[in-house]
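Let's have the full structure, built from the sequences with the hints guiding it.
Just so we're aligned, residue 1 is where the sequence shown starts under this note's numbering, counting upward by one.
The hints are simulated quantities; they were obtained by calculation from the structure and are not laboratory data. Each hint should be verified, as a subset may be incorrect.
[To be verified] Here are the simulated DMTMM-like cross-link-like pairs (lysine to aspartate or glutamate), alpha carbons at most 25 Å apart as the crow flies:
id	residue 1	residue 2
1	Lys53	Asp12
2	Lys53	Asp19
3	Lys53	Asp70
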Amino acid sequence: MDTPGDDTYWQDGSYASVDITFQGPNDRISYASDDHSAIVAYSPTGPYMYRSKWGVGPRMYHAPGYTPYDASTLNAYR
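This is the structure:
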């Protein structure tokens, strides 16, 4: 499902795009190939984890690609 309802938030001028390789805690991640977004969670000992809500499912802490959503194109915003 590619219904870019979350794109409204990234394009309203309150966020600036950042290179995904420079993502940091509290940055917003858009799963551009799907209608999903996540927040980068702080990780003092390893790679960043994402925090997001999985539809009617639970709120999850997960690796960027461990998701039921299409993670082929990720964009970061700060």
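task = Would you check the hint for Lys53 and Asp19, treating anything up to 25 Å between C-alpha atoms as holding?
result = Status holds; Cα separation ~23 Å.
inquiry  = Would the hint linking Lys53 and Asp12 be met if the CA-CA limit is 25 Å?
reply    = holds (22 Å)
query = Does the structure keep Lys53 and Asp70 at a Cα separation of 25 Å or less?
reply = holds (14 Å)
Of the numbered hints listed earlier, not one is contradicted by the structure.
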